[in-house]
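Peer 1: Each chain sits in its own coordinate frame; assemble them with the hints.
Each chain, written out:
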Amino acid sequence: MADEEVDVVVIGSGAGGAPLTSVLISAGRQVLILEKGPLLRTQYQAPDGVSDFKRDETFATGSEKRITIPGMANLGDSFYSSHVEPDLNDEPHVYEGDDGLDRATIEGYTAQVVGGGTQLYGGVSLRFTPDDFRLASFNDGRTDLRDDPAGDVRREARDWPISYDELEPYYCKAEDLVGINGTRDGQLKPASEEHYQTPLEPNPISAYAAAGMDALGMRRYRTPLAVITADHAPSGRTIPADRDSIKTAFVNRYGDPLGLKSNTWVSLLSPLVGKPGFELRANCVVTHLEGDGATVTRVHYRDPTGAARSVKAKTVVVACSAIESARLLLLSGQLDPAFAQRANPNGLVGAYFLTHCFGGGQCVVPLPGRADKSKTLDSDWATDHCATPEFLNANGLWAGGAIYNNTSDGALPISLARTWQAADMDNMWKGYLSDTELVGAGFEKYLEHNFGRRLSVAFMANQVPQRGNRIELHPTVRDKWNRPVAYIRKTWHSHDRALMRTFADQCREILVRGGEVSDVSSGSVEGSVVRIANHVLGGARFGTDPQDSVLDKDCRVWGLDNLYVTDGAFMPTSGGANPTLTIQANSFRVGEILLGR
Amino acid sequence: MGAVLVDKDDQYVLNHCTRFLARDSTDSRHNFGQYEPEDLRAVVCEAWRFPVVDSHYDGVSAESSYAYNDVTFVYDGRVSRPESVEVVGSFGDLFAPVPLRSVRFIGEDTGLHTVTLRVPKAQLHTYKFAVDGRYQLDPVNPQRSVADNGQPWSRFFTDACQMPLVLSRREREVLGRLVTHLLPFRLAENRRSIQKAYDELDHAARGEEFPLAYRLDEEVGVVNYIDKVLARPEQHNADDYHACLAIIDGLLRTRNNGIDPLQLPIEDYAQLYAEMATDQVEGWDTSSYGSPRYFLLLLRRHAMTGAFVHPKAGGNSGAAGWSYLEGRFTDEQGQTLFDWRRALEVPLGHNTDYRG
Chain V
174 MADEEVDVVV
184 IGSGAGGAPL
194 TSVLISAGRQ
204 VLILEKGPLL
214 RTQYQAPDGV
224 SDFKRDETFA
234 TGSEKRITIP
244 GMANLGDSFY
254 SSHVEPDLND
264 EPHVYEGDDG
274 LDRATIEGYT
284 AQVVGGGTQL
294 YGGVSLRFTP
304 DDFRLASFND
314 GRTDLRDDPA
324 GDVRREARDW
334 PISYDELEPY
344 YCKAEDLVGI
354 NGTRDGQLKP
364 ASEEHYQTPL
374 EPNPISAYAA
384 AGMDALGMRR
394 YRTPLAVITA
404 DHAPSGRTIP
414 ADRDSIKTAF
424 VNRYGDPLGL
434 KSNTWVSLLS
444 PLVGKPGFEL
454 RANCVVTHLE
464 GDGATVTRVH
474 YRDPTGAARS
484 VKAKTVVVAC
494 SAIESARLLL
504 LSGQLDPAFA
514 QRANPNGLVG
524 AYFLTHCFGG
534 GQCVVPLPGR
544 ADKSKTLDSD
554 WATDHCATPE
564 FLNANGLWAG
574 GAIYNNTSDG
584 ALPISLARTW
594 QAADMDNMWK
604 GYLSDTELVG
614 AGFEKYLEHN
624 FGRRLSVAFM
634 ANQVPQRGNR
644 IELHPTVRDK
654 WNRPVAYIRK
664 TWHSHDRALM
674 RTFADQCREI
684 LVRGGEVSDV
694 SSGSVEGSVV
704 RIANHVLGGA
714 RFGTDPQDSV
724 LDKDCRVWGL
734 DNLYVTDGAF
744 MPTSGGANPT
754 LTIQANSFRV
764 GEILLGR
Chain C
2 MGAVLVDKDD
12 QYVLNHCTRF
22 LARDSTDSRH
32 NFGQYEPEDL
42 RAVVCEAWRF
52 PVVDSHYDGV
62 SAESSYAYND
72 VTFVYDGRVS
82 RPESVEVVGS
92 FGDLFAPVPL
102 RSVRFIGEDT
112 GLHTVTLRVP
122 KAQLHTYKFA
132 VDGRYQLDPV
142 NPQRSVADNG
152 QPWSRFFTDA
162 CQMPLVLSRR
172 EREVLGRLVT
182 HLLPFRLAEN
192 RRSIQKAYDE
202 LDHAARGEEF
212 PLAYRLDEEV
222 GVVNYIDKVL
232 ARPEQHNADD
242 YHACLAIIDG
252 LLRTRNNGID
262 PLQLPIEDYA
272 QLYAEMATDQ
282 VEGWDTSSYG
292 SPRYFLLLLR
302 RHAMTGAFVH
312 PKAGGNSGAA
322 GWSYLEGRFT
332 DEQGQTLFDW
342 RRALEVPLGH
352 NTDYRG
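Protein sequences appear in the order of chains V and C.
Each residue of the first sequence is one higher than the last, beginning at 174 in my numbering.
Each residue of the second sequence is one higher than the last, beginning at 2 in my numbering.
Simulated from the structure, these hints should not be mistaken for laboratory data.
Careful, some of the hints might be misleading.
Stated by the list, open to error - The calculated label-pair distances, taken between Cβ atoms and stated as ranges, are:
hint: 1; chain 1: C; residue 1: R79; chain 2: V; residue 2: D692; range: 52 to 58 Å
hint: 2; chain 1: C; residue 1: L41; chain 2: V; residue 2: P648; range: 25 to 31 Å
hint: 3; chain 1: V; residue 1: N519; chain 2: C; residue 2: P140; range: 46 to 52 Å
hint: 4; chain 1: V; residue 1: P648; chain 2: C; residue 2: E64; range: 53 to 59 Å
Unchecked claim - One side of the interface only, derived from the structure: several residues of chain C facing chain V at Cβ under 10 Å:
hint: 5; residue: R30
hint: 6; residue: G34
hint: 7; residue: S56
Even glycine gets a Cβ: it sits at the ideal position worked out from N, Cα and C.
Bound-form chain C, shown alone (with noise of 0.2 Å):
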């Protein structure tokens, strides 16, 4: 199937742009460590919003629109003012070119090129612009990928992705042991309502109400909340991932002589969380990374928010987070106390009014 195209007004593509890239100034303001001190990306605010991913809706109701995207490709045209723009990506038909339209304000051309995409949700792809019939990365987002033959290419990924982009597969499994430790639902009893209400639905339902319930574990999702919180908006906290999980993956070995840290009890995990909260952890590499603390209190940020966050953004695994606080709290009849459904779209929610 080819890409289906979407009608976004110039006004929507303006209001997803102005603020980011208009500007006289040409200093690295939004350099927090993610760029190279010369990369032009640092000069524009949140680089990380291009393409834009949005909901999609369809005309007819939330509930099959649920399971698509709307990506917005923007090529910023104001100095090289070129003839042609199109964008290629493996959301189309063999890499067929679409092209891009002017985007127009006050009835003259603003030097940007558009085009907006229908993109199924939880996927993953890669893109070129052909500007003039030449190919280039697209210069203002920060994400990217090199192809099997060596090719760099742009990248975006959408709403519930759940394919590991930024952290390995060791990294997310030392993580999930650190983050079992902080969320609530280690409890077995929580962990039981949980499970419970996952198990009462038929298979029917799952499909319906947890659409993008891919996994549901005792971390909620929280580990891939934060694979893709790296991977786009916080770029700049990647390192500190990487280096921490790899002391405390060395860490945990050497204090159990040699044993995997994966087959270590969880009361290992709370030791060293107990540790890491006074900023003294025996045996940690201070030359890589100076604070224990700095990267615990970073960790429980995003674990609380990935644990109660809208499942499109790859937490909340199956809405689990939500679903424990539901069933938690109820009053003496037995009615929830976090009656979260009729705020929230459908199939996700029981709202009929918002989409989403």
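This is chain V alone, in the form it adopts within the complex (with noise of 0.2 Å):
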């Protein structure tokens, strides 16, 4: 076929990707995404007539597969991927234990497939804090931040390039294009418009959350989530005649067969089909990028039957979740020693990889209180108390969080005993099959006690940048398509550690204080450097000196005219809530800059 020129390419559909395109397309601009992933439909988008997504809970967890890639600590393993997250023998991520040993982990993976991690998460939307965006200067002075003796924290600690105030247009538009529901009041967050659609009934165990949070002085609102409540006008969406059906279990790591749950493919892309300049290539993953001097001119990627294309393009938007992003730049670089010396001159590139510092609270409400959590959405309340200056002056923290309880969590009678127990994904039914005095009558006294009764609360904060903590590219490791793939270091800043432990006794305080409750247990991701949440951010991070950042402000690469990186990665912060409602307000703030161009 004839050499292709498009003006702008956009590599990923997820949050980062698809609301720039959005703003391009409406502005009549020429955009081709290419996605790694499949393009799975709703029912109602189906030729056929029927979802690529089911409600069932073998898609959210699969069967057993074995890694079998050498030199892993953890060659010969179970593991238990989704349908849509990538298969750890053909393109691990792998990461170095705390005994320095390698292991390859399904962490830190968002999903492959048009609309990415928007597919399978839990939708909730929370926007970031006003200090959030500004935690160098919040920070400036103090002498009171608990385990930092070496000042780490302060010295770490950045400002955003642009303000809550210049980001918030963009969370107007985001909350009303993506379609989410929720409550305002309460929040540390203000709004300049409303466009939450109204909650549906919490799910009744929500109560205990809701009344721990009031016994402790916790102002709660209903958690945003990004799940279609009423007709969605902006992306043509309408809902069942029965509103209450749209809460089912099939919510968090479950793709929506209805299309009501808010994935940027529903809500922002597939109004784009039809229109001119718009085009989405699904099952095409891209190997490298090719500059010339200042910019880049070509676009390398594999068709869906892995034969080798290319595309010159006039602007390129790199979004491919802030892991492989990082890595597809330094793949780029190794391929071409004159893209490295632009796109990374400081070696910044991957450095300052972030997550989040987060944990919870779980407990078992009392018998009265059993309730039937297959009718739920992900979160029912939230609260910003532990994100105040009162509360983090009090505590000698750098950052606050939020804090918002589980509905969706074991509802499901599979769910519930694969993740017994399990601290993580790479550790998927490994609690419940040890616990092997669950059987016959004490199976029974198992799910007497926890079905339909648990209850856990969780917090999401942020984390301490550090440069150590990084992505790089796996000495030996190399993916089906024989590039080497992502090598995840990363470790807890002991402020870190604190914070997790002050804001998890925070949501066991709110367990206790909810109910008579029994089986109160807390804690964190503070042992474990693996737990990434799917929030992976940070690796190229944005900011206003070249010598201290991969991209300027409008998350345009320093050395390269015509590159952006619009995914978590531009976060110098991690924030004090998911991730997702931020990335997709920052992709239409660049879009708009995009078309300036």
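Peer 2: Encoded structure:
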């Protein structure tokens, strides 16, 4: 076929790639999206009338496979991935454990499908607080930060090059166009426009979390969730006649066959289909970028059969999730030292990789409180109580976070078992299987005690940026395209640990104060370097100083005129909430910047 | 009746191919013990997904569609570039050949060939491809069977298949005893609740609500689920079952002075389970299988899944596992606290928006 040339190539169709595409196409520009994963359609979109997403527990966590990658400490271990997560043997991420040994992991991947991680996420769509954008300023001069003997936190904290107020109009735009339900009153995050749809009735089990928050004086609001609860004009989506039927436990880790969950495909991209200038190529993986001086000229990719192709582009946007975006820049640089010099003069690509400090508490509610947890969305109540300056100063913490209750966890019988005492995705099933007392009458007791009675409260908070936390190319492990895979190197800072203990205690208190609950436990990911929650951030942070950042304020790579990065990689700090809405808002912002090119 | 063709667009076919087939690497990355060392299928990711068995929708209702699957055959001709590809199999008239069409991407031929047929659920079929007139097995699908005349065929089965494929009658019976101990359904009270739910349906409702309930017994279809998992996605675990069920069968017989283990009370299986949990089983032949506990954990995962999986996977027979939870947990007004039917497709569930 003839040499193709397009205006803008966007790599990835998730939260970072879709919003700016919608801006560009609406303004009459030309965009080609290259998406590694398949285009899985809803029932109303599929020509055959059935969706590739199912309400089937084996879709979220599939059959057993085993790690066969030579040199991994977990060689031979079982893993269970969803139908749209990458196969670990074909495209592993490798991390370095506390013991210095390398292991392959499912953690840190989002989803390889049109819509990316927004297809599988729970839909929690919180804004960051104004202070999340200015943590260097917020901590300037403080001497009370706990467990930070070397002053790392103040040294490494960064203000974003944009303020909350600058991003705020784009938060509004994202809330409008994506389609989100929730309530505003009680949030620490001011809004200039109101676009939330009305939330559905909370699951009755959430009353315990609400009571606990109230008892502690924590202002609460209905967790903003990217699920439509009313007809959504911007995307043309409609809801079922029985509005309450929107609530099913097939939410978190499931794609939605009805398209009610507001993933970026149904909310932002499918409305563009048929518009001039828009093309989406699914099942196409980008292998590397080619540059000429200060310009990226060509995007090289494999088509759905694996054949090598390339396309010329005037502008290139990388948005294939932070780990893979850093990897793509590093791989391109490995093939062309001149590109590496332009894109990565200071070795900052991949550095300051971030996830979130997260964890929470769990309990069993008293018997009269047993609820039908299968009638639920992912979360009902949230509070910003632990993001206020008063709370942070009282606790010697550098940054805050959000706390919200989970409702869909363990709602279905198989998911209750496979997540039983499972600390992370790599350990799915292990807790239940090795608890061999859960048999016969013991199994009966387990169901009686837990089914419909487990309640959890989670926190999501900022992680201290550290240069040593980074994405590299693995020296030996290669993917199915014979390209080096991403190598995740990360640790927790001592201040992160202090922060996580404080937040875990808060979650615990919410449960303890919520009623006559039992089996209360709490904890965090401080003991696990691999836990990522699929919140992959940083690695190509934006800033005002080319010596200290990979991207400028516009999310353009400093040394290249026409290369942008718009997934979570741009974040210099990870924010005190789930990141998707902020990635979407920023992508809308960059979309408008690209209109000016 | 001849084979009924179903239209699937190229996007659908590529969605079900790229992730599994497309690659440069020729490493056997996907051999977990189910293949010989040089088997090319070990290069393919999740080769068991071919042919693709999916839900069917007739454009009218989920209810009238429920009895069928869509089965999509793919022949990978990227290298050989054949002129014509057909599929012949037990699903059509007298093995009449059905032509495959070319799959295109941005207007260009990909080398992939495909056709989708409507096939009733709960069936087992054999097929071959005719590639430029020459018959061959599906090179990707790991499922094979041997016909009475000794000829090998490729094989597939549709949802809720009840025909035994991997485990022998004896193995299934021993396994059934073990599973009955693992699951709560053995308790008399619970067993009654399942039976009651089923008995309360009149004959027509049984057919309508539980069209796939071929058998309803204490193990709620778990043994059949395991048989189907071992036939398709977890072929690599089949030898574990063959080896361990033989050991267990022999061991129980020896312990009980030659009494047939199938005649033993459930307590003998409970005792064995407890020993397996400790990995120390008196009389276990460790030379033929090293760790009884390893097998026990494998069985625990399969039993738990098989009891509560969507019935199309062959377990949770007649949705008995879900019905058990539905009846077991109710509020003070007697309303269920596990209303699984509201999310799932008719006629299995009550949801008329979701089609399965």
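Peer 1: Would you mind marking each hint as holding or not holding in the structure?
Peer 2: Comparing the hints with the structure gives:
Our hint of 52 to 58 Å for C:R79 and V:D692 holds, since their Cβ atoms are close to 55 Å apart. For the pair C:L41 and V:P648, the supplied restraint of 25 to 31 Å holds, since their beta-carbon distance comes to about 29 Å. Our hint of 46 to 52 Å for V:N519 and C:P140 holds, since their Cβ atoms are close to 50 Å apart. The hinted range of 53 to 59 Å is satisfied by V:P648 and C:E64, whose Cβ atoms lie roughly 57 Å apart.
For C:R30, the interface hint holds, the least distance from its beta-carbon to any beta-carbon of chain V being 4 Å, beneath 10 Å. Checking C:G34 against chain V: minimum C-beta separation of about 8 Å stays under 10 Å; hint holds. For C:S56, the interface hint holds, since its Cβ comes within 10 Å of a Cβ in chain V; the closest pair sits about 5 Å apart.
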